[in-house]
Amino acid sequence: MNIRNIWFIMKREFNGYFATPVAYVFIIIFLLLAGFSTFYVGNLFERGEADLYPFFSMHPWLYILLIPAISMRLWAEERKSGSIELLMTLPVSVFEAVIGKFLAAWAFTGLALLLNFPLWVTVNVLGNPDNGVIFTGFIGSLLMAGGFLAIGASISSITKNQVIAFVISLIVSLIFVLAGFGIVLDFFSSWAPQTLVNVISSFSFLTHFDAISKGVIDLRDILYFVALIAIWLFANALIINVRKAD
Amino acid sequence: MMNKSVLSKTGLALAVVLFVSFIIVVNENLRSFRVDLTEDKLYTLSEGTQNILSGLQEPITLRLYYAERVAQALPAVKSYGQRVQELLREYQRASGGMIRLKIIDPVPYSNDEHRADQYGLQSIPIEGEEDPLYFGLAGTNLLNGLEIIRFFQPEKEDTLEYDLTRLIFQLSDVQRKNIGVLSSLSLDGEQYDPLKGEVISDAGSKPWPVMDQLRMMFDVSMLPDDIRRIPTSLDVLMVIHPKSLTDSTLYAIDQYVLSGGKLITFVDPFAEVDVPEKDPENPMAALTAQRGSNMPELFNAWGFERDGQFVVADRKFARKVDFGARTGNEPIDYVLWLGLNDGSLNMSEKITSRLKRINVATSGFFKQLDGATTQMTPLVSSSDEAMLVDKRVVQFRNDPVGLLTRYEAGTKQYPLAVRVTGDVKTAFPDGAKNNMGDLQKMPDHLDMANEPIDIIAVADVDMIDDQFWVQVQDFYGQDLAFNTSNNLDFVYNAIEDLTGTDGLISVRSRAGFSRPFILVNEIEREAERRYRATERELEQRLQDTEQKIARMQVQRSGTGEQILTAEQQKEINEARLLAERTEAELRTVKGNLRQDLDALEAVVKFVNIGVVPILVGILALITGWLRLRKRTHGRFNVNKTGS
Chain Y
189 MNIRNIWFIM KREFNGYFAT PVAYVFIIIF LLLAGFSTFY VGNLFERGEA DLYPFFSMHP
249 WLYILLIPAI SMRLWAEERK SGSIELLMTL PVSVFEAVIG KFLAAWAFTG LALLLNFPLW
309 VTVNVLGNPD NGVIFTGFIG SLLMAGGFLA IGASISSITK NQVIAFVISL IVSLIFVLAG
369 FGIVLDFFSS WAPQTLVNVI SSFSFLTHFD AISKGVIDLR DILYFVALIA IWLFANALII
429 NVRKAD
Chain F
341 MMNKSVLSKT GLALAVVLFV SFIIVVNENL RSFRVDLTED KLYTLSEGTQ NILSGLQEPI
401 TLRLYYAERV AQALPAVKSY GQRVQELLRE YQRASGGMIR LKIIDPVPYS NDEHRADQYG
461 LQSIPIEGEE DPLYFGLAGT NLLNGLEIIR FFQPEKEDTL EYDLTRLIFQ LSDVQRKNIG
521 VLSSLSLDGE QYDPLKGEVI SDAGSKPWPV MDQLRMMFDV SMLPDDIRRI PTSLDVLMVI
581 HPKSLTDSTL YAIDQYVLSG GKLITFVDPF AEVDVPEKDP ENPMAALTAQ RGSNMPELFN
641 AWGFERDGQF VVADRKFARK VDFGARTGNE PIDYVLWLGL NDGSLNMSEK ITSRLKRINV
701 ATSGFFKQLD GATTQMTPLV SSSDEAMLVD KRVVQFRNDP VGLLTRYEAG TKQYPLAVRV
761 TGDVKTAFPD GAKNNMGDLQ KMPDHLDMAN EPIDIIAVAD VDMIDDQFWV QVQDFYGQDL
821 AFNTSNNLDF VYNAIEDLTG TDGLISVRSR AGFSRPFILV NEIEREAERR YRATERELEQ
881 RLQDTEQKIA RMQVQRSGTG EQILTAEQQK EINEARLLAE RTEAELRTVK GNLRQDLDAL
941 EAVVKFVNIG VVPILVGILA LITGWLRLRK RTHGRFNVNK TGS
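Protein chains in written order, with the numbering used here: chain Y, 189 to 434; chain F, 341 to 983.
The reader is advised that the hints may include incorrect statements.
[What the hints assert, rightly or not] No more than 25 Å apart at the CA atoms, straight line, and that leaves these computed lysine-lysine pairs for BS3-like:
#1 583/F <-> 546/F
#2 517/F <-> 381/F
#3 660/F <-> 199/Y
#4 546/F <-> 660/F
#5 970/F <-> 268/Y
#6 268/Y <-> 199/Y
#7 656/F <-> 349/F
#8 349/F <-> 381/F
#9 348/Y <-> 349/F
In short, the hints are calculated from the structure, not lab data.
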């Protein structure tokens with residue numbers, strides 16, 4: 189695997205986002221949704237607490253909706269327009285292309301996340317927040333976004349239809365979020381052994397994201413997201429390989 | 341081609357298996373490998389805990405009863421369950437084998453469940469689950485000592501480490517400090533009279549919660565308030581609300597302090613907790629009853645005094661209190677009840693440096709005397725906007741609204757709790773009067789302090805009353821206590837620091853109670869201040885006008901004339917008009933109270949929701965336009981070369 193190739197793909201993809209208005213529209217929608225939900229659902233101002241809990245607690249749900257919208261076009265579009273053939277003629281391996289495209293999408297999401305910086309400024313002006321906790325909140329959110337993106341990228345490589353890619357990504361993402369929810373676990377605990385239930389809940393995005401955004405960066409939570417991204421990207425590359433052959 | 345697909349499928353299956361097992365292995369084996377980025381290091385064992393753990397001489401067994409299956413239905417409890425288990429493992433690791441940890445799932449009808457019940461742990465019925473939830477801890481030592489945490493409430497995560505460390509401290513073989521308490525208040529509730537064999541005070545009255553809390557950590561003995569000699573075995577003497585102590589008792593305290601005894605005293609110009617008995621014969625007695633306490637003889641000898649006339653009002657730290665109808669059923673800033681935080685707690689003194697909030701009520705203040713040989717260090721002070729209020733104003737007719745309306749900010753900080761150290765002389769050079777009325781010295785009388793004295797004085801007694809530091813909620817029939825301030829921690833820290841033990845000082849109150857929007861509170865206060873000033877002015881005008889109308893009407897009836905002159909009529913009408921207008925103005929002022937805050941809220945929301953999207957939108961338009969221009973230029977060039 190060649191880092192330079194990955195970097196090349198990533199740059200090309202990242203710049204590609206801004207060639208069309210779609211990227212701007214996406215960022216604007218993300219910022220508006222994040223802002224409105226923070227203030228009107230999370231009641232950041234009325235709560236009177238100098239932290240960003242109302243902001244970060246919305247992220248799993250925002251990402252379920254918005255990340256599939258980014259990831260759906262990653263491969264589905266290339267397949268539909270046939271540009272995937274062109275990509276494959278380039279002197280880059282499938283893995284490099286997969287990683288490069290993923291990193292570009294991740295960087296783009298990170299940019300959108302960073303553009304929420306006025307919130308950070310606001311709580312620091314209004315009060316005296318624990319900035320360490322806010323920092324880990326951003327890290328946790330970014331890792332979680334990476335997880336959603338990897339899922340979406342992989343699913344996008346199965347189909348030529350972006351809408352199908354969007355819907356399936358959304359459903360799979362939802363499963364990964366809900367795995368930590370009481371109702372879902374109850375369903376399992378009625379027949380499955382306790383260890384299995386524990387395993388299922390340890391696969392939930394929520395469990396790991398909540399842990400990180402409390403202010404502690406635990407190696408387990410980091411490894412979870414890294415491993416999750418790796419496995420989905422691996423699947424992504426395998427699918428491309430097989431489909432390329434078809 | 342077929343081969344490749346099969347190969348990929350196997351590869352994928354293998355990868356999934358690898359991933360799942362990796363996560364399971366990581367989750368089970370990689371504990372406590374983490375970076376704590378919280379400001380107060382909330383997730384790292386504090387120095388105090390580590391000291392106590394490493395100092396353990398005898399093993400302690402901790403049994404955590406936790407029904408994980410049942411907790412499944414409650415995500416908050418489940419994640420807290422994990423946190424508790426991990427913290428306990430951390431304790432186990434740091435104790436060097438002195439802590440034995442057992443995690444037990446009390447299956448219904450098992451011996452384990454029976455034992456959990458015997459320990460007194462709480463089981464909670466969970467909706468939709470057959471089995472009750474156990475989530476408590478029993479700690480035992482070799483001497484049959486037992487301490488329990490009945491149930492771990494996720495809401496109390498803030499004090500988890502403190503609760504655990506305290507439990508271990510209680511089970512440890514550390515020599516407990518002896519505390520003597522001398523007070524005119526019946527801090528222990530019912531007083532048992534050994535002669536009559538019955539309880540003297542009202543049936544059912546319980547010890548003050550502060551006494552229960554002190555007994556958890558120290559050996560506490562109550563001293564009679566006419567004691568003539570303080571036992572030298574005491575590590576700390578606490579003198580709480582000393583009302584009219586006899587000279588011989590004061591002399592005893594004096595000699596105790598001079599011989600190196602440590603003292604903490606709470607003296608108050610007006611103790612709200614000291615409610616006088618109602619006397620139906622003489623209702624005025626309750627109003628004029630002595631509710632202050634002081635020890636001027638001793639304080640003067642130690643180079644300071646507690647002012648007897650004034651109490652400290654402070655707009656900046658005022659707590660919001662709802663006085664019902666008197667304040668229009670709305671909470672208002674009550675300038676005599678203070679929630680002291682940033683800037684009022686001495687950050688360079690160990691006792692207060694980690695505290696976040698001290699609550700006091702109608703507190704007095706201390707002054708250093710000229711020519712004092714001692715050094716006075718403020719531990720807790722008012723803000724520099726404080727104002728002094730005559731205590732009689734509070735005693736006879738407490739008017740929270742009036743206090744706020746007439747508030748005039750000062751420029752001085754008043755010390756509310758101080759530590760006094762230095763060399764002193766006795767306040768009783770000739771001893772004190774004995775029963776016969778003769779001056780008598782103790783056999784080992786001291787004229788001068790053996791070593792520099794070290795005492796702590798607090799100008800408020802109410803702060804140790806539970807309503808100022810704890811809030812109790814019902815939790816499945818059990819009392820669940822949440823601390824609302826660090827008052828108790830202050831007392832603990834003071835005792836530990838005076839006795840030179842680090843104890844649990846660094847474990848207490850690591851988490852803040854909250855991190856409020858300071859700016860919002862300031863704006864609210866400023867708006868309130870302006871509103872009160874205008875209100876005062878307008879109300880005065882309204883009153884004057886109404887009086888004027890009344891006067892004119894009296895004049896009219898006085899003269900016996902039935903018909904008003906046109907001039908009189910006009911004047912009355914004008915006055916009425918003015919009164920109406922004033923009332924309307926008053927309403928407007930009240931309506932404007934939130935104006936600044938609403939403006940701030942609007943700005944905050946706009947900046948956070950709108951500004952960046954608008955900027956991104958503009959950027960998009962500009963880049964789009966540039967691109968378009970470039971493209972048309974390009975086409976133009978192509979055309980030119982083509983032609």
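Taking the hints in turn, this is what the structure says about them:
1. 583/F <-> 546/F: 22 Å, holds
2. 517/F <-> 381/F: At roughly 29 Å apart (the allowed maximum being 25 Å), residue 381/F and residue 517/F break the hint.
3. 660/F <-> 199/Y: 57 Å, violated
4. 546/F <-> 660/F: 29 Å, violated
5. 970/F <-> 268/Y: 28 Å, violated
6. 268/Y <-> 199/Y: Since the Cα atoms of residue 268/Y and residue 199/Y sit roughly 22 Å apart, the hinted pair holds (cutoff 25 Å).
7. 656/F <-> 349/F: 69 Å, violated
8. 349/F <-> 381/F: 47 Å, violated
9. 348/Y <-> 349/F: Distance of about 20 Å is within 25 Å: holds.
Checked against the numbered hints given earlier, this structure breaks hints 2, 3, 4, 5, 7 and 8; the rest are met.
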